[in-house]
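Asks: Using the sequences and the hints, build the whole thing.
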Amino acid sequence: MQNNIGIFMCGCGTNIKDMVNMDEITAYAKSRPGVGLILVNDFYCNIDGKNLIKETIRKEKLTHVIVVGCSPKTHLATFEKCCEEGGLNAYYLQMVNAREQVTWVTEGKQNSTEKIKSLINGAVNRVVVQEALEKKQIDCNTDVVIIGGGIAGIEAAILIGQAGDRNVYIIEKEPSLGGNIVKYDEVFPNMECAPCMVAPRLSELSSLEKVKVITSAEVQDIVGYFGNYSIKVKQNAKYVDEQKCIGCQACFEVCPATYSSKFDENMRDKKAIDILFPGSVPNCAFIVKEKCLRFNGQDCTLCKDSCPFDALKYDDTDKETVVNAGAIIVATGSELYDIAKAPQYGYKRIDNVYTTLEFERIIAQTGPTDGQLVLKSGDAPKSVAVIHCAGSKNKDHLPYCSGICCLNALKASKIIKHRIPDVKVTELYVDLTLPGKQHHDFYEGIKHEGVDFVQLKNSAAVSIDQENANIPIDPNNPAGIKIKVTYTDIHGKTDTISVDMVVLSPGLVPAQSTRNIQEMLKLPIDKNGFLSEDNMKLNEVSSTIEGIFIAGTAQYPKDISATVNQALASCGKVFSKLVPGKKLDVEVMVSQIDQDLCAGCKVCIALCPYKAINFNEDTKKSELIDVLCQGCGTCVAACPSGAAKSLHFTDKQIFEEIKGVLA
Numbered sequence: 001m002q003n004n005i006g007i008f009m010c011g012c013g014t015n016i017k018d019m020v021n022m023d024e025i026t027a028y029a030k031s032r033p034g035v036g037l038i039l040v041n042d043f044y045c046n047i048d049g050k051n052l053i054k055e056t057i058r059k060e061k062l063t064h065v066i067v068v069g070c071s072p073k074t075h076l077a078t079f080e081k082c083c084e085e086g087g088l089n090a091y092y093l094q095m096v097n098a099r100e101q102v103t104w105v106t107e108g109k110q111n112s113t114e115k116i117k118s119l120i121n122g123a124v125n126r127v128v129v130q131e132a133l134e135k136k137q138i139d140c141n142t143d144v145v146i147i148g149g150g151i152a153g154i155e156a157a158i159l160i161g162q163a164g165d166r167n168v169y170i171i172e173k174e175p176s177l178g179g180n181i182v183k184y185d186e187v188f189p190n191m192e193c194a195p196c197m198v199a200p201r202l203s204e205l206s207s208l209e210k211v212k213v214i215t216s217a218e219v220q221d222i223v224g225y226f227g228n229y230s231i232k233v234k235q236n237a238k239y240v241d242e243q244k245c246i247g248c249q250a251c252f253e254v255c256p257a258t259y260s261s262k263f264d265e266n267m268r269d270k271k272a273i274d275i276l277f278p279g280s281v282p283n284c285a286f287i288v289k290e291k292c293l294r295f296n297g298q299d300c301t302l303c304k305d306s307c308p309f310d311a312l313k314y315d316d317t318d319k320e321t322v323v324n325a326g327a328i329i330v331a332t333g334s335e336l337y338d339i340a341k342a343p344q345y346g347y348k349r350i351d352n353v354y355t356t357l358e359f360e361r362i363i364a365q366t367g368p369t370d371g372q373l374v375l376k377s378g379d380a381p382k383s384v385a386v387i388h389c390a391g392s393k394n395k396d397h398l399p400y401c402s403g404i405c406c407l408n409a410l411k412a413s414k415i416i417k418h419r420i421p422d423v424k425v426t427e428l429y430v431d432l433t434l435p436g437k438q439h440h441d442f443y444e445g446i447k448h449e450g451v452d453f454v455q456l457k458n459s460a461a462v463s464i465d466q467e468n469a470n471i472p473i474d475p476n477n478p479a480g481i482k483i484k485v486t487y488t489d490i491h492g493k494t495d496t497i498s499v500d501m502v503v504l505s506p507g508l509v510p511a512q513s514t515r516n517i518q519e520m521l522k523l524p525i526d527k528n529g530f531l532s533e534d535n536m537k538l539n540e541v542s543s544t545i546e547g548i549f550i551a552g553t554a555q556y557p558k559d560i561s562a563t564v565n566q567a568l569a570s571c572g573k574v575f576s577k578l579v580p581g582k583k584l585d586v587e588v589m590v591s592q593i594d595q596d597l598c599a600g601c602k603v604c605i606a607l608c609p610y611k612a613i614n615f616n617e618d619t620k621k622s623e624l625i626d627v628l629c630q631g632c633g634t635c636v637a638a639c640p641s642g643a644a645k646s647l648h649f650t651d652k653q654i655f656e657e658i659k660g661v662l663a
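Each residue of the sequence shown is one higher than the last, beginning at 1 in our numbering.
Simulated from the structure, these hints should not be mistaken for laboratory data. It should be emphasised that the depicted structure is a prediction, and the values quoted were computed from it without experimental measurement. All C-beta atoms, glycine included, are put in the ideal place defined by N, C-alpha and C.
Computed spacing ranges between beta-carbons, pair by pair:
hint	residue 1	residue 2	range
1	Lys234	Val254	26 to 34 Å
2	Glu107	Lys583	45 to 53 Å
3	Phe649	Glu617	24 to 32 Å
Each computed EDC-like pair below joins lysine to aspartate or glutamate, with the alpha-carbon atoms no more than 16 Å apart:
hint	residue 1	residue 2
4	Lys304	Asp316
5	Lys341	Asp396
6	Lys136	Asp626
7	Lys81	Asp48
8	Lys17	Asp42
9	Lys611	Asp221
10	Lys611	Asp626
11	Lys484	Asp351
12	Lys645	Glu587
13	Lys424	Asp452
14	Lys173	Glu335
15	Lys270	Asp370
16	Lys135	Glu587
17	Lys136	Asp585
18	Lys234	Glu218
19	Lys611	Glu519
20	Lys289	Asp316
21	Lys54	Glu85
22	Lys212	Asp165
23	Lys135	Glu85
24	Lys457	Asp431
25	Lys173	Glu218
26	Lys577	Asp143
27	Lys319	Glu242
28	Lys291	Asp269
29	Lys527	Asp396
30	Lys573	Glu540
31	Lys573	Asp143
32	Lys173	Asp221
33	Lys582	Asp143
Replies: This is how it looks when you write it as structure tokens:
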């Protein structure tokens, strides 16, 4: 069939038409081979302009369309729709960017005119070798899997569960939901009771019929694509029936075995049958198998004998299940940097030197000291040093600022002064990072409570040791042993203070579970190991893989409010993209792999950022998964045998355009 190309030249108000010789351009365009007509209009993006394109396509039976106007980033979708409604395949459209690429950046009317003529020639050459592509849709599963049961996962599960139109599976590695926030006693800046804030949220989550909680569980594998993911989950045995146990704690009292409680930062022993904290969800006991006498060769049934609900299941086993969902929200969180790697802080070497998270457990009503702020001797401290940036902004440890460590440190001082008003508190800091509403006011309030602030030269300008370090400590009488904090301030002066307790505020690093999921999904990470977003400004909650969303500190350190906001935003993405009863549009401009040319070198598999290419062990060739491919062209550029090509960006199409522009 003979080509009948229609060129629609947009004046874009004065942006194009006053900057070029329109008559010269239209005469040149009309002379190009295959061009049947050229129409000039002030605006093609308004209603009249769009209708003109549609009517002309039908009336003139156009085979191809070229729009000369603004950037395709602005109106490609607009003109594709015009083509479709005019009865022409949208992929027979080509745009010439005469505004952003020419008139806005080129001096001289004639220079702009010549540039546009060259671009039109390239477009004419290219459009006639473009292929008609058909848009595809697939059925999808609208259920959602949330990996991580901290505050981000909890809030996301509640919001999606409230809609009631899909199942939500929340997978948590610990026996109960809650994450780190349930370890806190109070939260900044208003010092609300943390358990009082979290408890009703956990209660609401438990009441939602569509929310399925899977605890003591870890994701083993994830396969599939947006709309159709399969997540393999291993749930470790609790040896207690969740359907029967109500958390009455009758079994705790009789259990003779203990374990070091990770929940309490290993600062106290708890019974080998336990619940992490009062009000846990699920509110079900679990047995620590490694410490339970029964699982270590002894015939102990005390917990079973004491249980009024017959909830013990000694024959329980680990279970593997597969959960199917259309989208995944990764809310696996972060953890404190192991400050023991920086020995100058004395952590794990000197008594009464704690991290901020250990301090949280000490002052918590459910903590190892029942909320009493005391030293290991049992005495109340008379002086405390709170040290910011422990290990942070230091190329040997954490080169970055975590942003919330200052607020954690300030909160510690606030609590110390509230519990023991006469205590002397000294905050040693490098810079104060106080983003967020009321955070600066929070700092000002603490200053007025009598806390001393000393600015350090840098984060390495502080060291901690024990006074009289050469004198052996009597472990039965550690009282009176002081901690020596030596520092260099911002002016270069070195000084020393003696204190009873030190609270270190380390930065955050990605949690191990975050690293595991990242490796499993091949998600990109930033230079500090946190999950990278699709776009830092415009799409912070999406990963680069369609259908995988990010929430909370798995992406970067942030406070509770920012974490919750991101979790809710990720839900908005899920709701807008996965609609019950509606099919998913699939990217049309994908790659293709020619099986006759593929040598099976696997270069494309290693480079694909979307996990869209598999290796067929039978044929020993790479195969593309269309629904995962985003058409980035990485495989096309890398393929040494030329087997990979991109639809709508084939070598022939690109070469024809280049030839036309350079002619």
